[in-house]
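So the sequence lines, in the order shown, correspond to chains A and B.
Quick note on numbering: the numbering used here labels position 186 of the first sequence as 186, and the sequence is numbered without any gaps.
So the number in the numbering used here is just where the residue sits in the second sequence, counting from 1, plus 214.
In case anyone wonders, no lab produced these hints; they're calculated from the structure.
By construction, the Cβ of each residue, glycine as well, lies at the ideal position given by its N, Cα and C atoms.
Do not rely on the hints blindly, as some may be mistaken.
In silico EDC-like pairs for lysine to aspartate or glutamate, Cα to Cα no more than 16 Å straight-line [what the hints assert, rightly or not]:
(1) A:K36 with B:E420
(2) A:K72 with A:D57
(3) B:K344 with B:E302
(4) B:K250 with A:D29
(5) B:K219 with A:D29
(6) A:K96 with B:D423
(7) A:K36 with B:D223
(8) A:K212 with B:E249
Okay, the calculated bits of chain B under chain A, using three or more residues with CB under 8 Å as the criterion [claimed, not checked]:
(9) 230-240
(10) 251-257
(11) 402-412
2 protein chains.
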Amino acid sequence: MSQPKQLLDALQWRYATKVFDATKKIPADLWAALEKSLVLTPTSYGLQPYHFLIVQDAATRAALLPHSWGQKQVVDCSHFVVFTARTEMHKADVDKLVARISSVRGVPAESMTPYWNMMIGDVVNGPRGKIAHEWAARQCYIALGNLMTAAAVLGVDACPMEGLVPMEYDKILKLEGTGYKTVVALALGYRAEGDKYASLAKVRYETADLIKVI
Amino acid sequence: MSQPKQLLDALQWRYATKVFDATKKIPADLWAALEKSLVLTPTSYGLQPYHFLIVQDAATRAALLPHSWGQKQVVDCSHFVVFTARTEMHKADVDKLVARISSVRGVPAESMTPYWNMMIGDVVNGPRGKIAHEWAARQCYIALGNLMTAAAVLGVDACPMEGLVPMEYDKILKLEGTGYKTVVALALGYRAEGDKYASLAKVRYETADLIKVI
């Protein structure tokens, strides 16, 4: 368990890195921990309606750059993560989760029929089924928040990127027809010494302006 | 900085707490750190388009319970956080951020005109302006992911709750006309000894199923 000061120091230290040192790579053991953090992200019903694409191929990154508002973090970072979310939710998605729970916990799938019905009646045929991609995109944002905090705690820099053209990403990453679409991205690595944004004061509204106690 | 094992142990330890010990409260210093973590959440452009409501009043919590799929965490947890997002984004939201940057960093607001224009052309009058509430809701999910990870790292239990009726929450929390709407909630506190979910194996898909390297 960490001390509060240790956590807050990490969250104060992090910032949306504008310039990465392209020569510095995240060591394999740290990257393995960040991947594992991503996998451990909590999601609605545990459905994990996403894929995380780690784009390491230089040519692919170069192709993404013009569709990323020209942000050079795409090509200079150590690891570039694209968060993609399910376009729709089908019965097969729910069956797959129930099979996985059954396998991991050694319980019969039939014992989860009420849970199966609840998921089908919500994310497939119910209210969230109608906005399934948006619901899945929100789960991607949980993963994004989790990964940014995990990276900060481990001393790894990151830059979240909403500034990209999802349709162009989908083409370059060959997502068409896969049932997944690009939502957001996160560049990870180490800040360049010359990144002047690193030393700017962090701007947040006053606590009293953001948090109300009722 | 934490070691990878320390972080992963915390993420393995956490689970969606079903039964809170209603007698255990988060100590003030830990809660202050969690509040500060929330405030430090990164958001698109830094716009922080949300309010976090900490619902501590017992009568209000009791009123929310029937609109929370009957999940008793609402009344039994130590701190109950409701994430609310801006319904629309206006020029005043952008002006407010620029004024805040100007004040915190001691730079003239005029020097940020290009940044102001970019925000206005995106989240107010541009593509994200058309889906401003959804865009703001996604920022709430960054905060949710951040706060869940922060809580785990500090040894505080939590249960995320999408299972609530936002319109009923909005009425009870008197959000109508404020420009904010309920998106999601997080109950925080300490697990009850008898919560059988605490000891169940965590269910996630295989890393190879969630993460693809390109």
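Against the structure, the hints come out as follows:
1. A:K36 with B:E420: Distance of about 10 Å is within 16 Å: holds.
2. A:K72 with A:D57: Holds - the C-alpha atoms of D57 (chain A) and K72 (chain A) are around 15 Å apart, at most 16 Å.
3. B:K344 with B:E302: 9 Å, holds
4. B:K250 with A:D29: At roughly 29 Å apart (the allowed maximum being 16 Å), D29 (chain A) and K250 (chain B) break the hint.
5. B:K219 with A:D29: 10 Å, holds
6. A:K96 with B:D423: Holds - the C-alpha atoms of D423 (chain B) and K96 (chain A) are around 12 Å apart, at most 16 Å.
7. A:K36 with B:D223: OK: K36 (chain A) and D223 (chain B) at ~11 Å, within 16 Å.
8. A:K212 with B:E249: This hinted pair holds, its Cα atoms lying about 11 Å apart.
9. 230-240: This one is violated; 1 residues, fewer than the three required, reach chain A with a Cβ under 8 Å.
10. 251-257: holds (count 6)
11. 402-412: Since three or more residues must qualify, the claim that chain A covers the stretch 402-412 of chain B is violated, with 0 doing so at under 8 Å.
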